[in-house]
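Novice: Listed below are the residues making up each chain.
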Amino acid sequence: MPSTTEPAAGRQPPALAALRRDAHLAWLAAFAVALHMLEAALPPIVPGIKPGLANVVSVAALCLWGWRTAAVVSLLRVLVAAILLGTLLSPAFWLSLGGALAALAALGAGAALPGRGLGPVGYSVVAALAHIGGQLVVAYALFVQHAGLFVLAPVLGLGAAATGTFNGLAAYLLVREWDTENPEANVRPGA
Amino acid sequence: MKGLLAFLLRATTPADRVAVVAAWAAVSALAVSAWSAPAGGEAVVLVGDHEVRRLNLARDQRVTVQGRIGPAELQVKDGAVRFVHSPCSSKRCIRMGWQHRRGAGAACVPNEVMVRVTGGGSGSGWDAVNY
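One line per chain: the protein sequences are G and B, in this order. My numbering applies: residue 1376 is where the first sequence begins, and numbers increase by one. My numbering applies: residue -3 is where the second sequence begins, and numbers increase by one.
Calculated from the structure, these hints are not laboratory results. One should not assume that every hint holds.
To be verified - Label pairs and their in silico Cβ distance ranges:
| # | chain 1 | residue 1 | chain 2 | residue 2 | range |
| --- | --- | --- | --- | --- | --- |
| 1 | G | Ile1420 | B | Ala25 | 33 to 41 Å |
| 2 | B | Gln57 | G | Ala1480 | 27 to 35 Å |
| 3 | G | Ala1409 | B | Lys73 | 56 to 64 Å |
| 4 | B | Arg64 | G | Ala1416 | 54 to 62 Å |
| 5 | G | Pro1389 | B | Ala25 | 33 to 41 Å |
| 6 | B | Val14 | G | Leu1459 | 33 to 41 Å |
| 7 | G | Gly1523 | B | Asp56 | 26 to 34 Å |
| 8 | G | Ala1416 | B | Arg50 | 49 to 57 Å |
Owing to the predicted nature of the structure, the values given are computational and were not obtained by experimental measurement. By construction, the Cβ of each residue, glycine as well, lies at the ideal position given by its N, Cα and C atoms.
Let the sequences and hints guide you as you build the complete structure.
Specialist: The structure is reproduced here in structure tokens:
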């Protein structure tokens, strides 16, 4: 990720700090959209299971700049990717949005934990599980009112646990890289 | 291997480890409970719209039921059920073969005898799944 953080935070005028924050948001959202698009282009190895790489960005955003940034990045990503893919307001979009909202809710709950709390890996796993949970609820509520839908739950759950763990480690590396490159720039909540 | 373990420990907080283990335990429990569904299925036999027999698919057996035009014989074996004899002319019910999936069934229209696998049978009962 390109550095948008020279010089150190806190020693610059508020307008510049706001600009810097916006630049962060734009980069993160663009990065997340790119991963989302990449994933949409990949052939589905196992039907219904996607790697969810864009969640790496949301989790890293949460660890580095807090929940609000993660929420903005995640929702922008869902919206922009839907526009680019031409799925805006289609079932795929609602499923994507439902998953993202559920994941954000889980991330918010996780961030509220006392003590050292969760790191990228824990956030990623709870977000991944919440994501498929949210998608199943949306799918049931809007599209398939049949209990048979939940036959998919174990498959999707195992997929989410696997991708969530893997993506969490990726998010950890991303956060660590960012911290080493910008030692003075981070304003990590609760760290 | 040791390096990987060290990396994993460095990458996770204690709460992370709890979350990861809990997540895997939860989805594994979900998978186990979903995929170890009881095998002992049941089938109902209908003549017209009346249920005349309930067959335990875990017990191999042969039963004869009286249909509209004559007796039909059903066989239960290895968790599946089929028609073996029927007084009808087309014998389509016999050619439908073994039925074992939940929701599956075989019917003899002329004789008005129908057998249908209800709860517990193996398989999900879907013809196809599309994403």
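Novice: It remains to establish, for every hint, whether it holds in the given structure.
Specialist: Verification of the hints:
no. : hint                              : result
1   : Ile1420(G) - Ala25(B): 33 to 41 Å : violated, 25 Å
2   : Gln57(B) - Ala1480(G): 27 to 35 Å : violated, 53 Å
3   : Ala1409(G) - Lys73(B): 56 to 64 Å : holds, 57 Å
4   : Arg64(B) - Ala1416(G): 54 to 62 Å : holds, 59 Å
5   : Pro1389(G) - Ala25(B): 33 to 41 Å : violated, 51 Å
6   : Val14(B) - Leu1459(G): 33 to 41 Å : holds, 38 Å
7   : Gly1523(G) - Asp56(B): 26 to 34 Å : holds, 30 Å
8   : Ala1416(G) - Arg50(B): 49 to 57 Å : holds, 52 Å
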